[in-house]
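Peer 1: As a plain string of letters, each chain reads:
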Amino acid sequence: MTETRGKVVGVNGNMVSVEVDGNISLNEVGYVVIGDKKLKAEVIRIRGNRAELQVFEMTRGIGVGDPVEFSGELLAVELGPGLLSMIYDGLQNPLPELAEQCGFFLERGVYLPALNRTTKWTFTPKVEVGDTVTAADTLGTVPEGIFDHRIMVPFDMTETYTVKSIVSKGDYTVEDQVVELEDSKGNVSQLTMKFEWPVKRAISNYEERLKTGEQMVTKLRIVDTFIPVSLGGTYCIPGPFGAGKTVMQQITSRNAEVDIVIIAACGERAGEVVETLREFPELTDPRTGRTLMERTVIICNTSSMPVAAREASVYTAVTLAEYYRQMGLHVLVLADSTSRWAQAMREMSGRLEEIPGEEAFPAYLESVIAGFYERSGLVRLKDGTKGSVTIGGSVSPAGGNFEEPVTQATLKVVGAFHGLSRERSDARKYPAIDPLDSWSKYPGSVDKDATEYARSILFRGNEVDQMMKVVGEEGTSLDDYVIYQKGEFMDAVYLQQNAFDPVDAAVSVERQQHIFGVMMQILASEFGFEGKDEARMFFNELRQKFIDYNGSEWDGDDFKKLEQEILDQVESKKSGVDRLAVDILETTKA
Amino acid sequence: MQKVYSKIDAIQGNVITVTASGVRYGDLATVNSSHGTSLAEVIRLNGTNVSMQVFTGGRGISTGDEVRFLGHSMKISFSDNLLGRIFDGSGRPRDNGPTLEENLIEIGGPSVNPARRVIPRNMIRTGIPMIDVFNTLVESQKLPIFSVSGEPYNDLLSRIAMQAEVDMIILAGIGLKYDDYLTFREQLEEGGAMARTIFFVHTASDPIVESLLVPDVSLAVAERFALKGKRVLVLLTDMTNFADSMKEIAITMEQVPSNRGYPGDLYSQLAARYEKAVDFEGAGSITILGATTMPGDDVTHPVPDNTGYITEGQYYLRNGRIEPFGSLSRLKQLVNDKTRKDHRAIMDGMIRLYAAYKESLEKKSMGFRMGEWDNKLLKYGEAFERTMMDLSVNIPLEEALDKGWEILADCFDANETGLKSELLREFWPKKEGQRQESA
Ligand SMILES: Nc1ncnc2c1ncn2[C@@H]1O[C@H](COP(=O)(O)OP(=O)(O)OP(=O)(O)O)[C@@H](O)[C@H]1O
Ligand SMILES: [Mg+2]
Chain E
1468 MTETRGKVVG
1478 VNGNMVSVEV
1488 DGNISLNEVG
1498 YVVIGDKKLK
1508 AEVIRIRGNR
1518 AELQVFEMTR
1528 GIGVGDPVEF
1538 SGELLAVELG
1548 PGLLSMIYDG
1558 LQNPLPELAE
1568 QCGFFLERGV
1578 YLPALNRTTK
1588 WTFTPKVEVG
1598 DTVTAADTLG
1608 TVPEGIFDHR
1618 IMVPFDMTET
1628 YTVKSIVSKG
1638 DYTVEDQVVE
1648 LEDSKGNVSQ
1658 LTMKFEWPVK
1668 RAISNYEERL
1678 KTGEQMVTKL
1688 RIVDTFIPVS
1698 LGGTYCIPGP
1708 FGAGKTVMQQ
1718 ITSRNAEVDI
1728 VIIAACGERA
1738 GEVVETLREF
1748 PELTDPRTGR
1758 TLMERTVIIC
1768 NTSSMPVAAR
1778 EASVYTAVTL
1788 AEYYRQMGLH
1798 VLVLADSTSR
1808 WAQAMREMSG
1818 RLEEIPGEEA
1828 FPAYLESVIA
1838 GFYERSGLVR
1848 LKDGTKGSVT
1858 IGGSVSPAGG
1868 NFEEPVTQAT
1878 LKVVGAFHGL
1888 SRERSDARKY
1898 PAIDPLDSWS
1908 KYPGSVDKDA
1918 TEYARSILFR
1928 GNEVDQMMKV
1938 VGEEGTSLDD
1948 YVIYQKGEFM
1958 DAVYLQQNAF
1968 DPVDAAVSVE
1978 RQQHIFGVMM
1988 QILASEFGFE
1998 GKDEARMFFN
2008 ELRQKFIDYN
2018 GSEWDGDDFK
2028 KLEQEILDQV
2038 ESKKSGVDRL
2048 AVDILETTKA
Chain P
55 MQKVYSKIDA
65 IQGNVITVTA
75 SGVRYGDLAT
85 VNSSHGTSLA
95 EVIRLNGTNV
105 SMQVFTGGRG
115 ISTGDEVRFL
125 GHSMKISFSD
135 NLLGRIFDGS
145 GRPRDNGPTL
155 EENLIEIGGP
165 SVNPARRVIP
175 RNMIRTGIPM
185 IDVFNTLVES
195 QKLPIFSVSG
205 EPYNDLLSRI
215 AMQAEVDMII
225 LAGIGLKYDD
235 YLTFREQLEE
245 GGAMARTIFF
255 VHTASDPIVE
265 SLLVPDVSLA
275 VAERFALKGK
285 RVLVLLTDMT
295 NFADSMKEIA
305 ITMEQVPSNR
315 GYPGDLYSQL
325 AARYEKAVDF
335 EGAGSITILG
345 ATTMPGDDVT
355 HPVPDNTGYI
365 TEGQYYLRNG
375 RIEPFGSLSR
385 LKQLVNDKTR
395 KDHRAIMDGM
405 IRLYAAYKES
415 LEKKSMGFRM
425 GEWDNKLLKY
435 GEAFERTMMD
445 LSVNIPLEEA
455 LDKGWEILAD
465 CFDANETGLK
475 SELLREFWPK
485 KEGQRQESA
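Line by line, the protein sequences are chains E and P. The opening residue of the first sequence carries number 1468 in our numbering; numbering runs sequentially from there. The opening residue of the second sequence carries number 55 in our numbering; numbering runs sequentially from there.
It is possible that part of the hints are untrue.
Stated by the list, open to error - Covered stretches of chain P, going by a simulated chain E footprint (3 or more residues, C-beta under 8 Å):
(1) 100 to 112
(2) 165 to 173
(3) 372 to 386
(4) 467 to 473
Hints listed in this document are in silico derivations from the structure and should not be mistaken for laboratory results. Glycine included, each C-beta is placed from N, C-alpha and C at the ideal position.
The following block holds chain P by itself, in its conformation from the complex:
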């Protein structure tokens, strides 16, 4: 179609309006301004008034700039040539490699028919006890890390990415700090994972609206690879930036905000992305790990709140540790009955006792006398944090479970653990003395 318009009627924030006909909802256009060419997407049609969000932002656009409609919605090139490459949010190379234009695919496609989904069944081992034992990660899961800026969530993401048994990694950087971007690249290069990685990176210094495309582009590519049989891990960092970009557009479009300025469809918008996580029967899978920074460390802030309602659990990263409370993998029960039969009991039992430890700790901090039980709990809590919560520990699940029993036996009598007697008989470590007696 390629119709060209040279009069822009309105420029407001990052949204421009032109008078045009024959345009379709969701179509792309290019805007040529003195600062270069930007992509724009049609977000409202009202008679001949066509409103578009401009991905490089509205700043510097003049009413006389040229708008050219492309006659299709956003597309991205898909082929194995993407591997090892680095692109920006619109799919333009950020490395020195060639622009890719073959085999264009649509982004933001339809969702998977729920009737074609299968129950996730494969544990992804990470070697991190707080994940493997307590919050097991499962192939095709969608799971964010809830954190605040300053916490090493990107380090955790790249560590999981390197250790996880997947075929390829797609890093979707949304408002990523330039340093963090470089660190990611460095870590993946050092780990020898670069050749199976694709970067779609929008950095903090890029125009904010451009970040809106990053999740869709990344997930569309992931979907194609998954359909070809690849197990793909997508890292979305940081989804709070994505939500903030949506907020900006919504405010420009004068939508009634629902909560702290965020649009009423924030939930649906986030869900549309996270729900791309899937296990294709007879083909590959998409697993999504995200980072969601919580403004003001407030989990009730609309972004983490809506995210929590969408994802299949979350890891709280605080003081460099995955918090036992609040952290949750909702798919763990699908796999932890096949690992080892004490897995579930250790998982629940240790957390229950850790909660009791926290209470004793609180009492202690208020200056109360510590009873015998409190002292046991204090000893336990300290051992738990040292052995299980330390993120630098890298041991297989089975070893971690054995450690769990050791800690319990070291701190408690068997009947204080609240675990079923049958398990206690089988797994409760024999004390030195007892062993000698029976020998």
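Chain E with its partners taken away, still in its complex shape:
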């Protein structure tokens, strides 16, 4: 705590106005003292000797005259071994530990250390006395789950230091001193395995930021094939309520081929987080054989938890992600929902009586959203290894209408747009991503020409469908009708995917490429149907087989048998191949 003292002169919702008698800084953490409790708060405006603080707790019971203390520190998180598999609130308060202390309910004013103080970590030194180091250099490592957790020089120690002492290999807690560093002036810093970093400041101790390109596999066919995401990239999932944003993020948090997943449950339902935190410890990560929890951190500031902490929670999440990126790991941040974060900003802006922009969101909404997504990226670290932070945010547009400030601001900065449609979710076509509207700027698992061809069938099929609504089936030519059937077929067997089927739920890139090849043979074939009824029945039957095929074990006997049946059926009615698809068929051949 600093010398500066303040006292409350006003309360309005979760904002208090404070009269201050010394120096304070913007975004500094302060505490409102009521009785024996200290409520954490952040300075969000200073005018003369009066400051506004947003309180990270319920403000009930605060009165004019209550004392306020200031910490002199910005809002920060604790970094060090032991973050993985933790469940934190937006301010990095560990929730299970809190429950042990307080029971069922969140008691305000109780703040526990983020990292366990008694766990011992086996530290292996990587530098010797006399070596010179600087910010983000590795001093040693400790095993954390399957990772070598790098113990690094704190990111703000940017001078050159000489290692004055270092402990030998052994077990230490995060509070034990492990290294002493001396700067050029002879000042010595004693370091433990943990340090703090302000959440609203990006960690930038890397050599260079690289162009993204390598795919982040989600095992969702429609995403990986048609609207892919790259490691270090950004994407958003806007959609009306109930369209499947959360389910998509949950599936991705399980299946994504990344090292670490940080889930920011930001202002949404507590129940949804519970599913994750109860199930992940039971589920094995096929890549490592360990539980999924061991690669996951959950930042949980759900809708009924204090709004100001919600605003902080997405920054907490991305800061932890950047920290692990510094170890050469690929980290995925999933934020659900960024709209709730934006609303938290709106609430505060309203209380500050700032001039409102569209739908009362603050005028700086766009730049704040851009700043958040900009913290993603693929980087090359000083030691040559690569690490990345990928950010996927769901957006909950008011009225399901994408023409609203948060969706629009997000679309300007992300690399891929996975738009969910009410029409598709109503028809139970999951994942309800609109295949025609959605886009991605990243390269995917299947050759672009091939996906473009498939997309064109979908597009034309949709046109025929629209036309049929006007002129009826009888007014539609057989050729057009077949295109329509092909589009519907592709939708049913490739774009839709059953999240609850043990096999279909997660499809490897290898399998995607293989079955895409099989599907291409169908899409590119010309058929000799007698009439529309025959065509419809043909595709119904084919669809049935393909759904069973999708549900069969990869490359197993059933898989092979069904594939043969599918190809035989196609052969039985095939009359030729679309000239435009000949080259493509070469590239996608299974």
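Following the hints, position chain P with the ligands against chain E.
Peer 2: Positioned in the frame of chain E, the structure of chain P with the ligands alone reads:
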């Protein structure tokens, strides 16, 4: 503390301001006017200016009326004596029973630590196929009925309440029509459920601000009973009235509105209430069913829209039926894998086909020739509506699933259903002819 002030500086809408010190945010006061005594709650402190919302409204209050601060925030008496009783929004008896003052508890308490929540696992059976089969209700779920005035949403609420396997019911009436209130009471009395019911009722003729307390009072009481091991069902009707009261206060306080005049924190305010739904491990639970009327039958209106983003699904009640589209129970997948193995497939498959039926229906209405497939769909859609959607049907889930297969087999060939072959082999009803052949 009990300080008394006899000068009101400002009266604006339902908000009054006095000059006072030693007052805390959220504290209660009483305001004595010639019309009686009302409760008021501190909603803003600015130096010595204390603003309060007056629960009976600002009308008729004079600048010389007496304001007495109680030195605490809103509290309600909690005990088994509440059962079978009827109170208003502030906890005063509406029946002829005694005022309860023992064991006061705070309302609007902290939220449950997410780490202490458990995954919901118990289906609540209602006997209504549109709910049990397609949108299963789950203990500790929060779920609103989206509807428009005139629809029988209150009847549906009371029917579910009576049929659901819960220990007690709390009815939170918010701007409830007096007739509806009487009907509720009558139905619960007839069903013999009155003794396990508590009413907190604010009617349409009561001052609008008073309704703001109803959800918090009801849920605080529900929480205590749940902690004592009771499975509590809370009915909130109608939450649109609650939102409108908040809007009124926000406008009086000159807050910048975000959408159609509603305050920017509408989402957080509604969530704070709905998120009280919980299953306490080792104790009881709170399940919340709400009614949300949609002004202009518009689901994108801020109240239903924000509600949809908070609750775990919704039932659309239209023309006296629960609509298959849009209606959703998001927790159904937590329980419908343990009911019967065809449950999920029937649920998804029948709705998909019903969607196709709607398309054919549209084509038909535009005068297009109906193909063979269209005719099958038309037959199916009609059977689906008659058998599954009728709210007066009262059958167990298993029977409803069997009916589902019957309808499918009656209308389609097996491979037209898009269902997995394995299920078709086990559940597809054998046609008469086939049965004879094999016999
Ligand atoms: N891939 C899927 N497969 C099967 N069912 C799904 C799928 N995605 C969504 N659903 C169904 O839709 C429901 C709602 O999905 P979800 O909770 O993800 O919606 P949401 O877009 O996050 O909504 P909100 O904005 O209100 O949070 C789920 O509970 C589930 O029943
Ligand atoms: Mg969601």
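Peer 1: Is the listed coverage of the region 372 to 386 of chain P by chain E valid when you require three or more residues with a beta carbon under 8 Å from a beta carbon of that chain?
Peer 2: Coverage by chain E holds here, the residue count being 5 at a Cβ distance below 8 Å.
Peer 1: Apply the coverage criterion to the region 165 to 173 of chain P and chain E: a residue qualifies when its Cβ sits closer than 8 Å to a Cβ of the chain, and three qualifying residues are needed.
Peer 2: Since three or more residues must qualify, the claim that chain E covers the region 165 to 173 of chain P holds, with 9 doing so at under 8 Å.
Peer 1: Verify this for me: three or more residues of the region 100 to 112 of chain P with a beta carbon less than 8 Å from a beta carbon of chain E.
Peer 2: holds (count 3)
Peer 1: Given that the region 467 to 473 of chain P was listed as covered by chain E, double-check it with a C-beta distance under 8 Å for 3 or more residues.
Peer 2: Three-residue rule met by the region 467 to 473 of chain P, so holds; n is 3.
No hint from the list above goes unmet by this structure.
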